[in-house]
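Keeping the supplied structure of chain A fixed, place chain B upon it in accordance with the hints.
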Amino acid sequence: MRAFTVVSGLVAPMDRANVDTDLIIPKQFLKSIKRSGFGPNLFDEIRYLDEGQPGQDCADRPINEEFPLNFPRYKGASILLARENFGCGSSREHAPWALEDYGFRCVIASSFADIFYNNCFKNGVLPIALEESVVARLFDEMYASEGYELTVDLQRQRVITPSGEELSFEVDEFRRHCLLEGLDDIGLTLQSAEAIRSYEQGWREQSPWLFDVIK
Amino acid sequence: MTGKTLYDKLWQNHLVEQRDDGSALIYIDRQLIHEVTSPQAFDGLRLAGRKPWRRDANLAVPDHNVPTEQAERAGGVAAIADPISRLQVQTLDDNCDDFDLVKYDINDVRQGIVHVVGPEQGATLPGMTVVCGDSHTSTHGALGALAHGIGTSEVEHVLATQTLIQQKMKNLLVRIDGSLQNGVTAKDVALAVIGQIGTAGGTGYAIEFGGQVLRDMSMEGRMTVCNMSIEAGARMGMVAVDNTTLDYVEGRTYAPKGELWEMAVEAWRDLHSDEDAVFDAVVELRGEDIKPQVTWGTSPEMVLPVDGVLPDPANIDDATRKTAVTRALQYMGLEAGSSIGDIRPDRVFIGSCTNSRIEDLRSAAEVVKGKTVADSVKQALVVPGSGEVKKQAEEEGLDKIFIDAGMEWREPGCSMCLAMNADKLGAGEHCASTSNRNFEGRQGFGGRTHLVSPAMAAAAAVAGHFVDVRDWQEAGQ
Numbered sequence: 001m002r003a004f005t006v007v008s009g010l011v012a013p014m015d016r017a018n019v020d021t022d023l024i025i026p027k028q029f030l031k032s033i034k035r036s037g038f039g040p041n042l043f044d045e046i047r048y049l050d051e052g053q054p055g056q057d058c059a060d061r062p063i064n065e066e067f068p069l070n071f072p073r074y075k076g077a078s079i080l081l082a083r084e085n086f087g088c089g090s091s092r093e094h095a096p097w098a099l100e101d102y103g104f105r106c107v108i109a110s111s112f113a114d115i116f117y118n119n120c121f122k123n124g125v126l127p128i129a130l131e132e133s134v135v136a137r138l139f140d141e142m143y144a145s146e147g148y149e150l151t152v153d154l155q156r157q158r159v160i161t162p163s164g165e166e167l168s169f170e171v172d173e174f175r176r177h178c179l180l181e182g183l184d185d186i187g188l189t190l191q192s193a194e195a196i197r198s199y200e201q202g203w204r205e206q207s208p209w210l211f212d213v214i215k
Numbered sequence: 001m002t003g004k005t006l007y008d009k010l011w012q013n014h015l016v017e018q019r020d021d022g023s024a025l026i027y028i029d030r031q032l033i034h035e036v037t038s039p040q041a042f043d044g045l046r047l048a049g050r051k052p053w054r055r056d057a058n059l060a061v062p063d064h065n066v067p068t069e070q071a072e073r074a075g076g077v078a079a080i081a082d083p084i085s086r087l088q089v090q091t092l093d094d095n096c097d098d099f100d101l102v103k104y105d106i107n108d109v110r111q112g113i114v115h116v117v118g119p120e121q122g123a124t125l126p127g128m129t130v131v132c133g134d135s136h137t138s139t140h141g142a143l144g145a146l147a148h149g150i151g152t153s154e155v156e157h158v159l160a161t162q163t164l165i166q167q168k169m170k171n172l173l174v175r176i177d178g179s180l181q182n183g184v185t186a187k188d189v190a191l192a193v194i195g196q197i198g199t200a201g202g203t204g205y206a207i208e209f210g211g212q213v214l215r216d217m218s219m220e221g222r223m224t225v226c227n228m229s230i231e232a233g234a235r236m237g238m239v240a241v242d243n244t245t246l247d248y249v250e251g252r253t254y255a256p257k258g259e260l261w262e263m264a265v266e267a268w269r270d271l272h273s274d275e276d277a278v279f280d281a282v283v284e285l286r287g288e289d290i291k292p293q294v295t296w297g298t299s300p301e302m303v304l305p306v307d308g309v310l311p312d313p314a315n316i317d318d319a320t321r322k323t324a325v326t327r328a329l330q331y332m333g334l335e336a337g338s339s340i341g342d343i344r345p346d347r348v349f350i351g352s353c354t355n356s357r358i359e360d361l362r363s364a365a366e367v368v369k370g371k372t373v374a375d376s377v378k379q380a381l382v383v384p385g386s387g388e389v390k391k392q393a394e395e396e397g398l399d400k401i402f403i404d405a406g407m408e409w410r411e412p413g414c415s416m417c418l419a420m421n422a423d424k425l426g427a428g429e430h431c432a433s434t435s436n437r438n439f440e441g442r443q444g445f446g447g448r449t450h451l452v453s454p455a456m457a458a459a460a461a462v463a464g465h466f467v468d469v470r471d472w473q474e475a476g477q
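If you read the protein sequences in the order shown, they are chains A and B.
So the first sequence is numbered by the numbering used here: it starts at 1 and just counts up by one.
So the second sequence is numbered by the numbering used here: it starts at 1 and just counts up by one.
Since the hints were derived computationally from the structure, they do not count as laboratory data.
Watch out, some of these pointers could steer you wrong.
Stated by the list, open to error - Using 27 Å as the maximum straight-line C-alpha spacing, the simulated BS3-like pairs for lysine-lysine come out as follows: (1) Lys-215(A) x Lys-51(B); (2) Lys-103(B) x Lys-215(A); (3) Lys-103(B) x Lys-34(A); (4) Lys-400(B) x Lys-369(B); (5) Lys-257(B) x Lys-103(B); (6) Lys-103(B) x Lys-391(B); (7) Lys-9(B) x Lys-170(B); (8) Lys-51(B) x Lys-103(B); (9) Lys-257(B) x Lys-215(A); (10) Lys-371(B) x Lys-400(B); (11) Lys-34(A) x Lys-51(B); (12) Lys-378(B) x Lys-400(B); (13) Lys-322(B) x Lys-291(B); (14) Lys-291(B) x Lys-369(B); (15) Lys-391(B) x Lys-257(B); (16) Lys-371(B) x Lys-291(B); (17) Lys-215(A) x Lys-391(B); (18) Lys-371(B) x Lys-391(B).
Unchecked claim - If you want the ones that stay clear, here's a sample from chain B, every Cβ over 10 Å from chain A, calculated: (19) Trp-11; (20) Lys-51; (21) Asp-216.
All C-beta atoms, glycine included, are put in the ideal place defined by N, C-alpha and C.
Extracted from the complex, chain A is given alone in its bound form (with noise of 0.2 Å):
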């Protein structure tokens, strides 16, 4: 996985609540078997006007021009703001990987759905949580000025404004750990092998019935 340490960059809206990760990455394309790719089909529902199908190229598609990701200002930009619940739905990680594919490092909003939220430290995608006033303010800065950028420092567990005022947020420690160093979790956690060994044969010798089952 990729490490996060310092990201700085422009910052585009998605101004709406709840949006959800059929909204993300609509479901047809979860039939691929691939990890990558899927960032040209990112809110694919909302981006462009037809419906889009897996596979088809998306440079020859018609455009929403409404949409803000489409607008000239927005383009390459690399933190996503966005309202509350976000992530909420279905556990697709195709979520993150989209946002991630699309050039998407972090995503501030005022809350998280908890299964989009633990699946974006999978692949080096930063969720971070800002109270709902301050992530308005932050919506009212961005409007106002074309070019609005951010640094998230997650070493210091800061956001910072074009201004240089500096933003506390939250973030669990192992998570933060893992992020910094760019960690696998299962390397890690075969570390624990023998902690894993020793219980379960505790558990098998407990709940017999829940072992050899299903051959």
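Just chain B, lined up with the frame of chain A:
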């Protein structure tokens, strides 16, 4: 010392390692696998040269992409018309063969939606930790299990290590006392709870559903309620074990037998919250107050009782909510201030991991028996949750009731709940659907979903618009 909640007990029983940074390693008893969220996990294992930690902990079944039309289905995987769907189902088969995991084939009678198959086969049991790369894994909490959806990276993590890295959630008790009116079902309970706490109300919590309404509810009903925990923002929902649970589990294929059964029952008797357990939050509803529910918008919290009137953005002060309601009305093609009863579905879908069990089909069949689907309804699909449900329904003659009423009786799968196969809505079409999500485009590009119970969907199919199934039944129509 204060008592423990059901969630506390399940967590404690599966705790491998508590770490200083607040994270914990939790042992996973069962992983259910389907074709959509697993291919990248198997690829990850292959790339790293890893093998599944415990093959007998896994059970795989294709469900999201499978065709439900008999002609297409009969030819098995090779006959799936959509080449991309076919490749995905074939990839599940190949991966299970490569890694030696047990899988039900597309036309095995045991095949079906993972969340119907798990409990039905006894593959998910009380006291287990259950995961699947699907957010509706919360369904299995109905058995008194700790069950939740995970992403594909975690599917790979569970395959490779039999554990998950987790943070403990907070405890939320949703207590529904009293009793339900006739015609009001588990689906209405789930939607009423979401209407009350919102789609983010359960975020950060594990929900336990309790109260007399849950005690009186069948296992199928409890599964429906737990299934939609995720629509209330909670990854997991659960119900304490009681005799209803034990009666349901006993005798199922993978359930313990003989002495092991006795031993398991003794352990399972403890799977309830202690009298003095403390919850971080409690939400209370009265069963008598719950009416049949219908969603009108594009989020499950945009729900009203069947006699409700749609909101008017002009009367909403909060800017974000005003925008959301305006956009939802526009997407749904509905007028502010109009009535739920004015909504006319173009299609009806009875199925999904929320409502495709035998009780759901019986309830829908009871409503349509001897009647016919309204001319204005283009299609009414009935999609059983598994081959076993289908078989049982046919033994009871339910298929004939549906077919005689002008409905289509299909092969098991996820179908129009998320429209990954050929079953989908056309742009602008309204659907009375027993599924779980009414998001924009969920059931097809531009499609408009109204979430309801099976009885309400069936009544709407016959009447051609939403009706109160309570009056319908009282009038003996």
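Each hint, compared with the structure:
no., hint, verdict
1, Lys-215(A) x Lys-51(B), "holds, 16 Å"
2, Lys-103(B) x Lys-215(A), "holds, 10 Å"
3, Lys-103(B) x Lys-34(A), "holds, 21 Å"
4, Lys-400(B) x Lys-369(B), "holds, 9 Å"
5, Lys-257(B) x Lys-103(B), "holds, 23 Å"
6, Lys-103(B) x Lys-391(B), "holds, 20 Å"
7, Lys-9(B) x Lys-170(B), "holds, 13 Å"
8, Lys-51(B) x Lys-103(B), "holds, 17 Å"
9, Lys-257(B) x Lys-215(A), "holds, 16 Å"
10, Lys-371(B) x Lys-400(B), "holds, 12 Å"
11, Lys-34(A) x Lys-51(B), "holds, 20 Å"
12, Lys-378(B) x Lys-400(B), "holds, 19 Å"
13, Lys-322(B) x Lys-291(B), "holds, 26 Å"
14, Lys-291(B) x Lys-369(B), "holds, 23 Å"
15, Lys-391(B) x Lys-257(B), "holds, 25 Å"
16, Lys-371(B) x Lys-291(B), "holds, 24 Å"
17, Lys-215(A) x Lys-391(B), "holds, 24 Å"
18, Lys-371(B) x Lys-391(B), "holds, 23 Å"
19, Trp-11, "holds, 13 Å"
20, Lys-51, "holds, 12 Å"
21, Asp-216, "holds, 28 Å"
Violated hints are absent here; each numbered hint is respected by the structure.
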